[in-house]
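Taken in order, these protein sequences are the chains called A and B.
Under my numbering, the first residue of the first sequence is numbered 1, with each subsequent residue one higher.
Under my numbering, the first residue of the second sequence is numbered 1001, with each subsequent residue one higher.
Don't read these hints as lab results, they were simulated from the structure.
One or more hints might be untrue.
[As the list claims (entries may be wrong)] To give an idea of the chain B side of the interface with chain A (calculated C-beta under 10 Å), a few residues: (1) Val1008; (2) Pro1009; (3) Tyr1013; (4) Ala1015; (5) Gly1018; (6) Phe1021; (7) Met1039; (8) Glu1042; (9) Asn1049; (10) Phe1058; (11) Asn1062; (12) Asp1063; (13) Gly1064; (14) Ala1073; (15) Ile1085; (16) Ala1088.
[Claimed, not checked] Computed footprint of chain B on chain A, listed as stretches where at least three residues anywhere in the stretch have a Cβ under 8 Å from a Cβ of chain B: (17) 39 to 52; (18) 66 to 80; (19) 111 to 119; (20) 127 to 133; (21) 136 to 149.
Yeah, the Cβ is synthetic: ideal placement off N, Cα and C, and Gly gets one too.
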Amino acid sequence: MKIEIVVFLNILYLKVEITVILFYILGAIAIASAVGTVASKHPVVSAVSLVLHFFMLAGMYLTLQAQFVSIMQILVYAGAIMVLVIFVIMLLNLGDEEKLKENINVRKLIALSMGAVLIFQLTIIALATSSDLTQMSISAINNGTVEAIGQTMFTKYIFHFEAISLLLLVAIIGALMLARRKKPEEIQEGATEL
Amino acid sequence: MMETIHSVPLEYYLALSGFIFAIGVIGVLTRRNAIIIFMSIELMLNSVNLSLVAFSSFLGNNDGQVFVFFVMAVAAAEAAIGLAIVLALFRIKKTVYVDEVNLLKW
């Protein structure tokens, strides 16, 4: 499954493989859409740019030869989780975040400076340290297939797999209990508590 | 010499992953809308997934890709529970802004 297409950049006289070009394109769009998710005023715009971000990450997994993870990223994140988020946004009928403007300045400043420090730590230091892992392992070609992942998941990690299924069951029951419409007398009790 | 696939170095993937993680952290710290805070948490989970897959491919070992599935399952459970909490909160307080939810604040 190695991508054999080689692109010639005639201006630079460089031979570059398409996975390298795709890394930069997908990475740039991924960062832009992540910023859009965090910075946009309206929740729907955030959700749509997050879907774009998930698609870019799915492409990034393809450049890493992880085909099954890539498809699951689209199915589970862009398909299931984001539909849930958008459904809740529509259900709540929210407006823009505008009435909180006066009390955010100091907190936002501190948060942004802490974020800048975090970006420095995670990005610059990751780039400054050099490892010998400059090229992908040749066995990565076969590691991303459904067969290989199933082989690992259902032998070595079978207990974790069962534990995850229990977690999902608990989550379903918990979500049902939380989102269930209360009977009138229960709402009365809740109101007096608050 | 081991045979390899040509690609950008591992550090580039890790740096991208760290950058997206930091953007998610900034989102959690600065935004007040509970749903956008959720989406920022999803951003952080996804950036960790990216570094897991990158390590998995560069080391030639697919345990990392199995972990990605577990992270996805936990993220799905977290989204279902979290959005149910937001819905329940909206029914009681008519708001999703975490500033206005100060019942447990002394």
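Quick rundown of the hints versus the structure:
1. Val1008: 5 Å, holds
2. Pro1009: 4 Å, holds
3. Tyr1013: 7 Å, holds
4. Ala1015: 4 Å, holds
5. Gly1018: 3 Å, holds
6. Phe1021: 6 Å, holds
7. Met1039: Because about 5 Å separates methionine 1039 of chain B from the closest Cβ in chain A, which is inside the 10 Å limit, the hint holds.
8. Glu1042: 7 Å, holds
9. Asn1049: This interface hint holds because 7 Å falls under the 10 Å limit.
10. Phe1058: 4 Å, holds
11. Asn1062: With a minimum Cβ separation of about 4 Å from chain A (threshold 10 Å), the hint on asparagine 1062 of chain B holds.
12. Asp1063: OK, holds: aspartate 1063 of chain B within 10 Å of chain A, min 6 Å.
13. Gly1064: Nearest chain A Cβ about 9 Å off; hint holds.
14. Ala1073: Nearest chain A Cβ about 5 Å off; hint holds.
15. Ile1085: At about 6 Å, which falls below the 10 Å cut-off, the nearest Cβ of chain A leaves the hint on isoleucine 1085 of chain B intact, so it holds.
16. Ala1088: Holds. Min distance 5 Å.
17. 39 to 52: holds (count 4)
18. 66 to 80: holds (count 8)
19. 111 to 119: n = 6 at 8 Å, threshold three: holds.
20. 127 to 133: Coverage by chain B holds for the stretch 127 to 133 of chain A (5 residues, Cβ < 8 Å).
21. 136 to 149: holds (count 10)
Checked against the numbered hints above, the structure breaks none of them.
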